[in-house]
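Here the protein sequences come in this chain order: A and B.
The working numbering puts the first residue of the first sequence at 3, with every later residue one more than the last.
The working numbering puts the first residue of the second sequence at 93, with every later residue one more than the last.
Derived by calculation from the structure, the hints in this document are not laboratory data.
Check before you lean on any hint, since a few could be wrong.
To be verified - Straight-line distance between alpha carbons at most 20 Å, and here's what the computed EDC-like set of lysine to aspartate or glutamate pairs gives:
| no. | chain 1 | residue 1 | chain 2 | residue 2 |
| --- | --- | --- | --- | --- |
| 1 | B | K611 | B | D426 |
| 2 | A | K64 | A | D77 |
| 3 | B | K594 | A | E197 |
| 4 | B | K567 | A | D77 |
| 5 | B | K141 | B | E263 |
Said to hold, decoys possible - Some chain B residues judged to face chain A by a derived CB distance under 7 Å, without partners named:
| no. | residue |
| --- | --- |
| 6 | T105 |
| 7 | E166 |
| 8 | V171 |
| 9 | G172 |
| 10 | G184 |
| 11 | Q220 |
| 12 | L276 |
| 13 | E279 |
| 14 | Q281 |
| 15 | A284 |
| 16 | E288 |
| 17 | I397 |
Stated by the list, open to error - Pulled from the structure, derived: some chain B residues nowhere near chain A, Cβ distances all over 12 Å:
| no. | residue |
| --- | --- |
| 18 | G491 |
| 19 | N534 |
| 20 | N550 |
| 21 | K567 |
C-beta atoms are modelled at their ideal positions from N, C-alpha and C, and glycine is treated no differently.
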Amino acid sequence: MSSDSEHLVTVTANGLYCPPGGFYIDPWKPVQTAVITHAHGDHLRHGSAHYIVARPGAHIAKSRLGADQEVAPVDYGARVTLGATTVSLHPAGHILGSAQVRIEYAGQVWVVSGDYKRQEDPTCAGFEQLECDVFVSEATFALPVYRWPPAAQVVQEILGWWRSNRERGLASALFCYALGKSQRVLAELSAFTGEPVYVHGAVDSLVAAYRRAGIRMLPTLSIPNDRKTDFRGALILAPPSAAGTPWMRRFGEHASGFCSGWMRVRGDRRRRGYDRGFVISDHADWPALVRTCTATKARHILLTHGHSDSLTRYLNENGLSSSALKTDFGAQE
Amino acid sequence: MRAFSELYEELDTTTSTNLKVAAMVRYFRSTPPADAAWAAYILSGHRLKRFIGPVLMYRWLIEACGLPEWLVTESYAGVGDLAETIALLMEGVSSDATDPLQHRVAEHSLSAWIEDRLLPLRGEPEPQQRAAILGWWRTLPYRECFLVNKFLTGELRVGVSELLVTRALAEVLSMTRAEVTRRLMGEWQPSAQFWERLQRAEPAAQDPAAPYPFFLASPLEESPATLGPREHWLAEWKWDGIRSQLIRRRGLTFIWSRGEDLVSERFPEVVAAAATLPEGVVLDGELVAWREGAIRPFADLQQRIGRKKLSAAILQAVPVRFLAYDLLEQDYQDTRSLPLCERRARLEKLLSSASAVIGLSPTVDAKDWDALASLRTQSRARGVEGLMLKSLQSPYGTGRQRGVWWKWKIDPYSFDAVLLYAHPGHGRRSNLYTDYTFGVWNDGALVPVAKAYSGLSNEEISELDRWIRSHTLEKFGPSRAVEPTQVFELAYEGIAASKRHKSGIALRFPRILRRRPDKDASAADTLAALRAILAAHTNGVPPSAL
């Protein structure tokens, strides 16, 4: 990485920019052309002129940007010319329609991972391992304490928790990010039960978008506004922003759970005040990060958001040239 | 240990005290006696004596997990708990989770784990200790690995108070909570035999050292006139010393502090004087530093508590006295159900030939409440904390029961709180933990109520700083959560309702009056007590009348 002229991706005030392609990836300010890795709020922002997204995520992107906003869907693997570059999108396994951005220019290949995971997920296409010269990877959970248990095991835990709350006459409030995690949990649960689940309005519309994409999930119920519904024994999915708000009062006495990779650490759960933490993440854990970065056979790894310093040093010490890339992406999950 | 680790999980994943008690009840009912005894021991806050330091465990972790030291350090900083960091990192190293060996190891009972594995390691050469512990780290599933580490580091905290354990045991054993409390007092060795003894409904005093639970007074928030006629109440000075029980049975003497520590050795002159007492006698009273017919400041007494070896010089420099104010047992008969006036009469008779060292705490005689209130204003000059008001008809109860015993302190704006968090100071005080968050009890848990920055001397700050660093439970950035064991007396200037604070109250200018090493965390005040003061304050009662 000797001079800037070789860089296919750099950080600018507007976001990650590809100079020979003349486009941005997940820009945090309005730009002319935005290639989007996925539709989470810190990656898909309003105001750009053109949006390029992977086809399975087009509905969701539109629902987030508003019906008036044009988005250009591209099939996974299809090669598109942008400026002087050839760009293709490849499954990242993060959420429905999430993509890695592969950029080819002058014999060089760069891949920007976006957020990704290596675990199986019934709601989206699995991560595609690419090879490249430079790999730009997320590093949200880049500490070796973050190691995910199998999702099926965690879902059984959720089920057991729901049932034992029901035996005690309690509602179960399960907090999950509205996009991706909620649908994944509903899909994973459908392997074990057919019972309907109440969902918060923010989750509801996205569940509908996933259903339109043909994803099989538990039947869901909107939360009635009648203040008469008895929620004892019910499972309620809501975004974490709803926790502790007056909106929760309608459920009466309830147990609270949070689905997140952060729940791997006990202190984190206790600080956030949830009864139960379920370790289910849409990001790569430590072993998956190391494995993926290695398998790209890249000559250099650039790391964004999260514990990027630890992974940078670890990769360098293990003979994989690596440095950190400062971005505005969040570490929320 | 599977059953115990499931119990731990249940306790750790709910904030409801009822659910916690129910989980403990289920466990105690279904587990073998030896395990139940150990679980009761651990849950009620006892710990195994530590024989492997955290530094050594940290070094072994670096050797065992195959990660560079800096990455282990990063991980530990991110997790903030050594036992947990080990369990998390070793999960990456340990054999496959489906390995039957893992499950076999975890199946051994709690008592077998502690008695046959952990305790025998004490005193073994370091290589043997290392081999055994690394073996467990590699084979135990995550949760059991975490628990074994917690036993080793001696800092298992599961968010249950001794009170909650007592509630559960009372239900399991079909006893009153008071009876359970009495049976669990003092020093006991967990074993199947202990559990069986606990269940058998035998009278007290099988163990000559067994103390009674202390009966505690509530702070008086109203005017004493609300208590009814003055002549129904006995008034005493509230001594600034160590609340203690003096036991004389079968030729032996035991002194228990309110913190349930056996402190006999600290007070040899009291033990010697107790030899003149009749056999089968238990006195409740106060150990105070005493010179030339008057009480000395509590700080003097601390010199006696703080030392491992008592020199003749210290014994001479800080003479002590036991001031008795109640009689709990006479002729080996429990007298606690007698009315106070009867117990007091017997006590006065018993101590009529009082020695210089064991004396009677005098009653404060004033014909009416006004006269008593004016005497109370002399408290500070007398070196006492105010007055105690006890109903003459009151039996000696257990715990804190409102209505019959009141402490009418001179400064109502002080309370005892537990140190919860420490924050580094700034400027001159940077690199030292000088800012503290304190909590009081609410429903079995400690809730933060005050931050205090001043009141300690530089020496005390340094000493506390060292203590904080070696008793940290978790780090949150620069702040640390510490073991909730250190009690401080805090003073404050005013109290107001607050929506901003979790506790619902805000204290004005809280500061530390002093550290109370003689008290353990359970002796700290309650949020209810603070709220009551708030209510009285809000109702327009001026502080001076409280």
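Here's how the hints hold up against the structure:
no. : hint            : verdict
1   : B:K611 x B:D426 : 26 Å, violated
2   : A:K64 x A:D77   : 16 Å, holds
3   : B:K594 x A:E197 : 37 Å, violated
4   : B:K567 x A:D77  : 47 Å, violated
5   : B:K141 x B:E263 : 29 Å, violated
6   : T105            : 5 Å, holds
7   : E166            : 5 Å, holds
8   : V171            : 5 Å, holds
9   : G172            : 5 Å, holds
10  : G184            : 6 Å, holds
11  : Q220            : 28 Å, violated
12  : L276            : 27 Å, violated
13  : E279            : 31 Å, violated
14  : Q281            : 30 Å, violated
15  : A284            : 30 Å, violated
16  : E288            : 32 Å, violated
17  : I397            : 34 Å, violated
18  : G491            : 28 Å, holds
19  : N534            : 15 Å, holds
20  : N550            : 32 Å, holds
21  : K567            : 9 Å, violated
Comparing the model with each numbered hint stated earlier shows that hints 1, 3, 4, 5, 11, 12, 13, 14, 15, 16, 17 and 21 do not hold.
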